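2 protein chains.
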Amino acid sequence: MNDDEARAWAYLSRVAEPPCPHLAALVGCVGPVEAAARVRGGAVPQSLRSHVEARRHIDCAEQDLAILKRLGGRLVTAGDEEWPALAFAAFAGVTGRPQSHEPLVLWAVGPARLDDVAARAAAVVGTRAATAYGEHVAADFAAGLVGRDAAVVSGGAFGIDGAAHRSALATEGLTVAALAGGVDVPYPSGHATLLRRIADEGLVVSEYPPGVRPARYRFLTRNRLVAALSGATVVVEAGARSGAANTAAWARALGRAVCAVPGPITSSASVGCHALLKDHAHVVTRASEVIELIGRVGELAPEESRPVSPLDGLEDSEKRVYEALPARGGRTADQLAVASGLPPTQVLGPLAVLEVLGLVVCRDGRWKLALR
Amino acid sequence: MNDDEARAWAYLSRVAEPPCPHLAALVGCVGPVEAAARVRGGAVPQSLRSHVEARRHIDCAEQDLAILKRLGGRLVTAGDEEWPALAFAAFAGVTGRPQSHEPLVLWAVGPARLDDVAARAAAVVGTRAATAYGEHVAADFAAGLVGRDAAVVSGGAFGIDGAAHRSALATEGLTVAALAGGVDVPYPSGHATLLRRIADEGLVVSEYPPGVRPARYRFLTRNRLVAALSGATVVVEAGARSGAANTAAWARALGRAVCAVPGPITSSASVGCHALLKDHAHVVTRASEVIELIGRVGELAPEESRPVSPLDGLEDSEKRVYEALPARGGRTADQLAVASGLPPTQVLGPLAVLEVLGLVVCRDGRWKLALR
Numbered sequence: 003m004n005d006d007e008a009r010a011w012a013y014l015s016r017v018a019e020p021p022c023p024h025l026a027a028l029v030g031c032v033g034p035v036e037a038a039a040r041v042r043g044g045a046v047p048q049s050l051r052s053h054v055e056a057r058r059h060i061d062c063a064e065q066d067l068a069i070l071k072r073l074g075g076r077l078v079t080a081g082d083e084e085w086p087a088l089a090f091a092a093f094a095g096v097t098g099r100p101q102s103h104e105p106l107v108l109w110a111v112g113p114a115r116l117d118d119v120a121a122r123a124a125a126v127v128g129t130r131a132a133t134a135y136g137e138h139v140a141a142d143f144a145a146g147l148v149g150r151d152a153a154v155v156s157g158g159a160f161g162i163d164g165a166a167h168r169s170a171l172a173t174e175g176l177t178v179a180a181l182a183g184g185v186d187v188p189y190p191s192g193h194a195t196l197l198r199r200i201a202d203e204g205l206v207v208s209e210y211p212p213g214v215r216p217a218r219y220r221f222l223t224r225n226r227l228v229a230a231l232s233g234a235t236v237v238v239e240a241g242a243r244s245g246a247a248n249t250a251a252w253a254r255a256l257g258r259a260v261c262a263v264p265g266p267i268t269s270s271a272s273v274g275c276h277a278l279l280k281d282h283a284h285v286v287t288r289a290s291e292v293i294e295l296i297g298r299v300g301e302l303a304p305e306e307s308r309p310v311s312p313l314d315g316l317e318d319s320e321k322r323v324y325e326a327l328p329a330r331g332g333r334t335a336d337q338l339a340v341a342s343g344l345p346p347t348q349v350l351g352p353l354a355v356l357e358v359l360g361l362v363v364c365r366d367g368r369w370k371l372a373l374r
Numbered sequence: 003m004n005d006d007e008a009r010a011w012a013y014l015s016r017v018a019e020p021p022c023p024h025l026a027a028l029v030g031c032v033g034p035v036e037a038a039a040r041v042r043g044g045a046v047p048q049s050l051r052s053h054v055e056a057r058r059h060i061d062c063a064e065q066d067l068a069i070l071k072r073l074g075g076r077l078v079t080a081g082d083e084e085w086p087a088l089a090f091a092a093f094a095g096v097t098g099r100p101q102s103h104e105p106l107v108l109w110a111v112g113p114a115r116l117d118d119v120a121a122r123a124a125a126v127v128g129t130r131a132a133t134a135y136g137e138h139v140a141a142d143f144a145a146g147l148v149g150r151d152a153a154v155v156s157g158g159a160f161g162i163d164g165a166a167h168r169s170a171l172a173t174e175g176l177t178v179a180a181l182a183g184g185v186d187v188p189y190p191s192g193h194a195t196l197l198r199r200i201a202d203e204g205l206v207v208s209e210y211p212p213g214v215r216p217a218r219y220r221f222l223t224r225n226r227l228v229a230a231l232s233g234a235t236v237v238v239e240a241g242a243r244s245g246a247a248n249t250a251a252w253a254r255a256l257g258r259a260v261c262a263v264p265g266p267i268t269s270s271a272s273v274g275c276h277a278l279l280k281d282h283a284h285v286v287t288r289a290s291e292v293i294e295l296i297g298r299v300g301e302l303a304p305e306e307s308r309p310v311s312p313l314d315g316l317e318d319s320e321k322r323v324y325e326a327l328p329a330r331g332g333r334t335a336d337q338l339a340v341a342s343g344l345p346p347t348q349v350l351g352p353l354a355v356l357e358v359l360g361l362v363v364c365r366d367g368r369w370k371l372a373l374r
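Protein chains in written order, with this note's numbering: chain C, 3 to 374; chain D, 3 to 374.
Rather than coming from a laboratory, the hints here were simulated on the basis of the structure.
The structure displayed is predicted, hence computed values, not measured ones.
Any given hint could be a false lead.
In this list, chains with the same sequence are indistinguishable; a pair is considered to hold if it fits within one copy or across any two.
Claimed, not checked - With a straight-line cut-off of 20 Å between C-alpha atoms, the simulated SDA-like cross-links for lysine to any residue are:
| # | residue 1 | residue 2 |
| --- | --- | --- |
| 1 | 280 | 295 |
| 2 | 71 | 45 |
| 3 | 321 | 291 |
| 4 | 321 | 337 |
| 5 | 370 | 3 |
| 6 | 280 | 254 |
| 7 | 370 | 199 |
| 8 | 280 | 291 |
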């Protein structure tokens with residue numbers, strides 16, 4: 003990308019509220035430099051005019067690029083090697099969602115490559131009004147994911163997002179914050195330090211040029227980016243109306259796995275998760291399950307261990323005889339036949355097995371439970 | 003049922019460990035009185051012999067019936083009007099589960115009719131090692147179920163079962179305890195008073211004759227009865243290896259709805275519930291959802307209310323203009339066009355709508371958020 007192209011992309015990134023398929027179509031036809039010139043001059047198709055009319059006279063591309071340079075960032079577009087083309091290809095298959103278009107330009111700050119992120123990322127998202135349980139679970143999942151070499155994408159918000167980012171950083175893993183405003187606008191401001199760490203060690207990314215402040219509809223647009231960069235979206239806690247449900251809806255539309263973590267049904271912070279589960283989201287209780295869903299099955303977690311009972315693996319008749327023994331004192335084989343309902347001839351075999359296993363002992367013709 | 007028949011049924015109930023399809027087949031052929039005589043005399047088919055050999059000499063039918071009479075109970079068999087034939091018919095369709103046979107005899111104590119129970123029951127079951135959360139949820143579901151005229155079936159155990167029974171009684175609803183031992187053997191003994199109340203107001207029922215003590219395999223047999231009497235089985239809390247999972251497996255085999263209540267993934271008492279959810283059990287968070295599953299949809303619960311936002315129902319352009327307004331101070335329509343990215347001609351319409359809704363005010367050509 004030469005300087006003219008960079009200035010053109012920066013101008014185009016601001017002139018229309020993203021995503022703007024009409025603008026993308028023009029750029030696709032004539033390239034960014036010519037597209038920028040036409041937009042600036044007002045020589046654009048009618049369908050595009052209304053989208054760029056309000057801002058086409060604004061050109062602060064030089065300043066925007068200077069800010070980006072100061073942050074150590076870069077513009078990434080479809081022509082770049084790190085453009086996550088495979089991940090974004092899914093937008094083409096989405097119907098009925100008006101914003102289903104890949105970004106035109108991404109403003110990125112951080113050492114991670116976008117294509118590498120998209121090849122191994124899970125989103126861990128949820129409510130800002132998280133409970134201690136939710137933050138604990140978000141941290142646990144994030145640590146488990148990066149421990150299995152996955153990247154953790156989230157929205158940089160308070161609550162679940164922040165817990166996921168922090169835990170990924172603490173585990174020295176890769177984490178990515180997708181913002182609803184410019185990469186130079188730390189939002190929420192209380193996360194300025196956290197976002198700086200993410201930019202230093204992972205990636206902060208946005209469709210919006212520097213200086214743009216988050217707005218409600220920009221959070222929704224951003225959620226689509228979180229879902230698109232991730233093989234699975236895990237909703238850890240979400241209220242009845244949470245942005246996380248919107249991210250989950252994008253994940254589903256894009257053909258990605260939608261996962262929800264169960265929580266107490268008495269907790270309003272889990273209502274959105276349970277609604278997703280009722281709508282056939284995957285129940286996840288461990289990071290390894292998310293890893294399986296995003297297809298990195300090379301490192302499957304071991305099976306959950308189950309408590310072991312001395313009766314495991316016994317035949318039914320052996321269990322029946324064992325159960326027929328009293329807690330104290332002994333019984334003859336005939337008495338055990340009556341108690342268990344088995345014929346006397348079928349009691350001795352099981353008793354022999356139980357004796358070998360050390361579960362019962364025989365003294366003077368009377369059988370009793372072994373002391374343990 | 004005359005006295006001879008009653009004595010025959012009582013004898014047959016004890017002579018083979020239930021369920022015993024070979025014994026049921028003989029009774030079906032020759033009736034209970036003749037079947038009892040043949041079993042007593044040892045004149046039975048080879049296939050049945052091993053099942054009755056150990057106990058055929060035991061005849062305490064008179065005493066058993068006397069105990070039942072003292073408790074105010076009754077024998078119920080397929081010939082009785084209250085036999086839940088429709089519910090038990092599902093056993094015929096189950097394959098691959100060896101105990102899939104309807105009971106031969108039920109020992110019942112209490113004013114409720116079995117067929118009435120089976121027509122409107124849900125099972126509420128779970129671990130004995132319940133948490134405060136689990137007991138709260140069990141009580142809440144039981145109260146919600148009986149409040150909608152459903153019956154609550156459970157196993158009379160400590161923990162979830164007890165919480166469900168107690169709550170149903172407290173709400174003056176119908177509750178049924180299915181026992182893994184005789185109806186005169188309160189188990190656990192700490193629930194003697196609770197079981198007496200259930201027998202006084204609802205129903206205590208068992209396949210086992212008086213005096214029989216519960217054993218591990220009898221709990222499994224009992225679980226099949228809990229599932230068969232219920233249109234849905236709700237597992238409230240269950241550990242990694244819980245009898246509740248067995249009840250749920252019976253419910254699924256019998257074509258009944260299997261429901262699990264989510265809980266914290268950090269709680270070992272919810273591990274079994276989450277395993278069921280991963281295995282496609284219904285996620286339930288309210289009793290009304292269980293009611294829908296057992297088909298009593300006449301009394302649907304109202305939709306869960308969602309918090310209301312002033313932006314509900316606004317068009318996208320109206321939301322964008324609204325979001326473009328600063329928290330303090332005002333903006334001109336042209337400034338709002340730039341901020342929102344909408345053409346100036348498309349800002350005034352949304353502003354008018356927002357003004358009518360009382361969300362914005364206009365002073366001297368500058369628009370600002372209305373104070374609320």
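Verification of the hints:
1. 280 x 295: both (19 Å within a copy, 13 Å between copies)
2. 71 x 45: neither (31 Å within a copy, 98 Å between copies)
3. 321 x 291: neither (35 Å within a copy, 38 Å between copies)
4. 321 x 337: within (16 Å within a copy, 81 Å between copies)
5. 370 x 3: neither (84 Å within a copy, 42 Å between copies)
6. 280 x 254: Both, since 14 Å and 18 Å are each at most 20 Å.
7. 370 x 199: Classified as neither: same-chain Cα gap 66 Å, cross-chain 37 Å, threshold 20 Å.
8. 280 x 291: Both. Shortest intra-copy (19 Å) and inter-copy (11 Å) distances satisfy the 20 Å Cα cut-off.
Hints 2, 3, 5 and 7 from the list above are not met by this structure, while the remaining hints are.
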